[in-house]
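Residues per chain are reported as follows:
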Amino acid sequence: MSKKILTIDDSKMVRMIVASTFQPYDCIIVVAADGAEGVEVALKEKPDLIFLDITMPVLNGIDTLAKIRATPEIAAIPVVMLTAESDGQRLGMADQLKVNGYIAKPFKGEQLIELTQKIMPLAPKP
Amino acid sequence: MSSTADTLLKKYQIAAPPENVLRLGKLVQGAFDTNAQEIAAIVKADPAIAARVIKIATRGKNIDMDIDSAVVRIGVHQITLVVMTELLIHAVSKTFATMLRLPLEARDILNPYGDQVVGCIYFKGKATGRVFLRIPCKAADWMVTRFLGKDLPMEPAELLPDVVGEVLNIVGGNFKSNLVDAGLTCSLSVPQVETKSGFATGVQDGEYHLSIPFAAEGMGIFLDLIISPITE
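Quick mapping for you: the protein sequence lines, in order, are chains A and B. Numbering of the first sequence is given in the working numbering, commencing with residue 3 and proceeding in unit increments. Numbering of the second sequence is given in the working numbering, commencing with residue 908 and proceeding in unit increments.
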């Protein structure tokens, strides 16, 4: 069964890079352009994994992660931060909210695949 | 960096911040209680910083000046700007090297007139200022296809503002993280991007400003850093 990955990022460029990175795999990519939309999409789509940016309009990534963890239907979904903000403060906040991984931008596609495979199995596209 | 932050960096396999974060931390700490000799020692420890400090102190003229004299002449706020600039240069170079495998060189290049996409990101807190990133529109195809490939759902020019915004977000985010790790807690705005034919930094009295041009594959990328003086 296809794995579903949600990318929450206000940048079209990042959403496109994530989609093309997982293109060879049996994955469905769903997207949201800010944190509030991301929570809505997560509730509707119940993804297997979420990539989450921090600096976003409407609701930033830390507040989005807090909301995800506080919403029982989606609280257990693994979340990986994909953000340029990787100082001790941000890492501490995300760690307290039980983030499952942290990728600092700039990033390479291989980093996304490697970390995803630690969280869930990825099969090649049939 | 605290030991907790160090532990978290290791846990999430995040690279340690560049050495200049430590230098910036010492400068900020020392801005109000360190003497010129100690500041000069910080400057001397990094050849790139030392070269830029001399360039500013001599106003680019071919005058012999030692670091100690240059430090006294330009003062701690201008030196703080120089160290921050080196952190920005590191962030830009890292972004292009990691995502594009493209070495970017910080060097003078003619800024062509004409339309350009200008992105601006603000940081506010113990350090306050803004960073501008400018890309000439004629470099749109090159920049966008470098990041996203040639198989695009729309014209490169339509994607350029988003690409500039995200590059600025990455550069600004790395820079802001460095400031926080150096003890300059601050928040970062979402990038604002617009296309225009002219450019003005809008530097106010009392602000410090440095321009950094980059070149890659004959294309120019232009960065401006403007900071307010750091206060206690």
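I should point out that these hints are in silico values taken from the structure, not numbers from a laboratory. Please note: incorrect hints may appear among the correct ones.
What the hints assert, rightly or not - Far from chain B, some chain A residues (derived; all Cβ distances over 12 Å):
1. M3
2. V16
3. R17
4. K46
5. E47
6. D55
7. R71
8. P74
9. E75
10. I79
11. P123
12. P128
What the hints assert, rightly or not - Derived contacts from chain B toward chain A, CB cut-off under 8 Å, selection only:
13. Y919
14. L929
15. I956
16. F1054
17. D1069
18. V1100
What the hints assert, rightly or not - With a straight-line cut-off of 25 Å between C-alpha atoms, the simulated DMTMM-like cross-links for lysine to aspartate or glutamate are:
19. B:K1001 / A:D28
20. A:K5 / B:D1022
21. A:K120 / B:E1101
22. B:K1001 / A:E112
23. B:K1033 / A:D28
24. A:K110 / B:D1058
25. B:K1033 / A:D65
26. A:K48 / A:D65
27. A:K100 / B:D1048
28. A:K6 / B:E1124
29. B:K918 / A:D65
30. A:K110 / B:D1022
31. A:K14 / B:D913
32. B:K1057 / A:D65
33. B:K917 / A:D28
34. B:K962 / A:E47
35. A:K48 / B:D1022
Ideal Cβ placement from N, Cα and C applies to all residues, glycine included.
Hint by hint, here is what the structure shows:
1. M3: Label holds. Min Cβ-Cβ 27 Å, cutoff 12 Å.
2. V16: violated, 6 Å
3. R17: violated, 10 Å
4. K46: The claim stands: K46 (chain A) keeps its Cβ more than 12 Å from every Cβ of chain B (closest is about 24 Å).
5. E47: holds, 22 Å
6. D55: violated, 8 Å
7. R71: holds, 17 Å
8. P74: holds, 26 Å
9. E75: Check passes; 26 Å lies beyond 12 Å.
10. I79: The claim holds: I79 (chain A) sits with its nearest Cβ about 18 Å from chain B, beyond 12 Å.
11. P123: Per Cβ check, P123 (chain A) is outside 12 Å of chain B; nearest 21 Å; holds.
12. P128: holds, 22 Å
13. Y919: At about 4 Å, which falls below the 8 Å cut-off, the nearest Cβ of chain A leaves the hint on Y919 (chain B) intact, so it holds.
14. L929: violated, 14 Å
15. I956: violated, 21 Å
16. F1054: Given a least distance of 6 Å, the restraint on F1054 (chain B) holds.
17. D1069: holds, 5 Å
18. V1100: V1100 (chain B) check fails; min Cβ-Cβ to chain A is 11 Å, beyond 8 Å.
19. B:K1001 / A:D28: violated, 31 Å
20. A:K5 / B:D1022: Cα-Cα ~43 Å, so violated.
21. A:K120 / B:E1101: Not OK: K120 (chain A) and E1101 (chain B) at ~40 Å, beyond 25 Å, violated.
22. B:K1001 / A:E112: Cα-Cα ~16 Å, so holds.
23. B:K1033 / A:D28: violated, 47 Å
24. A:K110 / B:D1058: holds, 19 Å
25. B:K1033 / A:D65: holds, 23 Å
26. A:K48 / A:D65: holds, 19 Å
27. A:K100 / B:D1048: violated, 41 Å
28. A:K6 / B:E1124: violated, 38 Å
29. B:K918 / A:D65: holds, 22 Å
30. A:K110 / B:D1022: violated, 31 Å
31. A:K14 / B:D913: Between K14 (chain A) and D913 (chain B) the Cα gap is close to 32 Å, so the pair fails against 25 Å, i.e. violated.
32. B:K1057 / A:D65: violated, 36 Å
33. B:K917 / A:D28: The given pair, whose Cα atoms are some 31 Å apart, is violated under the 25 Å limit.
34. B:K962 / A:E47: violated, 57 Å
35. A:K48 / B:D1022: The given pair, whose Cα atoms are some 44 Å apart, is violated under the 25 Å limit.
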